[in-house]
Each structure stands twice: as structure tokens, then as C-alpha cells.
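Novice: Sequence:
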Amino acid sequence: MSYELKSARFLAKEILSRAVSPGDTVIDATMGNGHDTLFLCQTVGPSGRVYAFDVQEQAVVSTEALLRREGVADRAELFCCGHQHMNEHVHEPVQAAVFNLGWLPGGDHSVTTHWETTREAVSQALDLLQAGGVLVLCAYPGHSEGDRERNELVPFFSSLSNKTFNVLRQAFLNAGPGAPECFVVQKMG
27 MSYELKSARF LAKEILSRAV SPGDTVIDAT MGNGHDTLFL CQTVGPSGRV YAFDVQEQAV
87 VSTEALLRRE GVADRAELFC CGHQHMNEHV HEPVQAAVFN LGWLPGGDHS VTTHWETTRE
147 AVSQALDLLQ AGGVLVLCAY PGHSEGDRER NELVPFFSSL SNKTFNVLRQ AFLNAGPGAP
207 ECFVVQKMG
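Converting from the sequence shown to the working numbering requires adding 26 to each position, the first position being numbered 1.
Bear in mind the hints are in silico, worked out from the structure with no lab data behind them. Do not rely on the hints blindly, as some may be mistaken.
Said to hold, decoys possible - Across the chosen pairs, the derived CB separations fall in these ranges:
#, residue 1, residue 2, range
1, Gly49, Arg95, 22 to 32 angstroms
2, Pro72, Asp134, 16 to 26 angstroms
3, Pro203, Gly49, 38 to 48 angstroms
4, Gly71, Gly158, 31 to 41 angstroms
5, Glu178, Cys107, 16 to 26 angstroms
6, Leu199, Pro72, 38 to 48 angstroms
7, Ser187, Asp100, 14 to 24 angstroms
8, Ala201, His115, 33 to 43 angstroms
9, Ala201, Glu114, 15 to 25 angstroms
10, Arg145, Glu103, 20 to 30 angstroms
11, Pro48, Asp153, 33 to 43 angstroms
12, Arg94, Asn188, 34 to 44 angstroms
13, His111, Gly158, 32 to 42 angstroms
Unchecked claim - For lysine-lysine, the following BS3-like pairs were computed, each having C-alpha atoms within a straight-line distance of at most 30 angstroms:
#, residue 1, residue 2
14, Lys213, Lys32
15, Lys189, Lys213
16, Lys39, Lys213
17, Lys39, Lys189
The beta-carbon is built from N, C-alpha and C at its ideal position, and this holds for glycine as well.
Generate coordinates for the entire structure from the input sequences, incorporating the hints supplied.
Specialist: Following this line, the structure appears as C-alpha cells:
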């Protein structure tokens with residue numbers, strides 16, 4: 027069997043598939059069309075829990091429909107609010123938090139994540155992570171706000187204590203300056 031590096035999203039899913047187990051509690055901080063939420067619901071199984079957030083009602087509606095079609099809607103709580111409000115809804119340690127920054131695929135490109143709220147949400151997610159838990163974040167520097175987010179994430183993640191967190195940054199160096207990047211943060215035990 028061959029192994030092929032495909033994308034930042036591919037790496038994110040690979041890490042999540044190894045870090046998340048049945049019964050875990052996890053966060054999808056940027057629900058979008060629900061594909062990550064569905065993957066997480068399938069991975070945590072019937073005894074697990076997924077908290078998912080998005081500012082757009084369209085994202086919540088399409089995600090809810092997808093989860094119902096796949097028979098896993100009872101495993102998720104969907105919130106139509108910014109991810110910076112996750113600590114108002116999640117009151118237990120989580121094994122993973124997923125961020126797929128940018129805009130809703132197929133949606134209005136003027137509605138995008140912004141560094142100020144992303145920073146708040148990432149800080150909250152890091153606090154919620156249990157020992158051994160992971161935060162996986164895909165950034166898209168191919169547009170101005172995405173470039174700003176990536177440029178702010180680098181010093182933010184670099185400033186985390188290496189006694190508490192391991193931080194990985196993945197970039198396809200030959201794909202150009204606007205290529206998506208994946209950041210992985212694991213909270214140490």
C-alpha cells in the first residue's frame with residue numbers, strides 16, 4: 027500500500043483519526059458544510075459527543091441535514107454562534123478541537139473567520155483540551171484575512187510553553203505562498 031501526502035486537510039484527518047476514539051468529546055469550531063462534524067460523529071461513536079459551531083445559519087442547517095441522513099445527529103450539539111463562544115457551551119474536557127479557517131465552501135466569501143475571534147477560540151480550545159488531546163487547525167493564506175490569520179498563528183503557537191504543548195506546523199513548501207497550512211497542537215500529560 028502506498029502513502030501519499032495530499033493536503034493540509036488530509037493531514038488533519040489522519041491525525042484526528044489516530045487521536046480520537048469512541049466515547050470521546052470533541053469540538054468542531056468551524057462547522058461549515060458539516061464534513062468534519064460528520065467525521066467526528068462517526069469517530070466518537072454513539073457514546074461520544076461533538077460540539078460544533080458556525081456563525082452562519084446555512085452551515086447549521088446543512089450540517090444538521092447531513093448528520094440526520096447519516097444517522098448520527100444525536101451525537102452532536104450544533105450552535106449558530108462564533109467559535110469564540112465555545113466556553114459558554116462546552117463545560118467538559120475535550121480530546122480534540124478542529125478548526126478549518128476561512129469561509130463556508132460554496133458560501134459568501136465576505137463572511138470569513140477573523141484573527142481576533144480565532145485567537146479567542148483557539149485559546150479556549152487549548153484550555154479545554156485534556157492531557158494528550160489535540161487541536162488541529164487548517165489555515166488558508168491565499169486570501170488577505172487568511173494570510174493575516176496564518177501570520178498571527180505562527181507567533182501565537184510559538185509562544186506556547188513547550189512543557190505543556192507540542193506544536194507542529196505543516197506546509198507544502200513547493201505549492202506556493204498561498205497554499206493551506208496545518209497546525210497541530212498536542213497538550214502533554
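Novice: Broken hints, numbered, in rising order?
Specialist: Result: hints 2, 4, 7, 9, 11 and 13 break, sorted rising.
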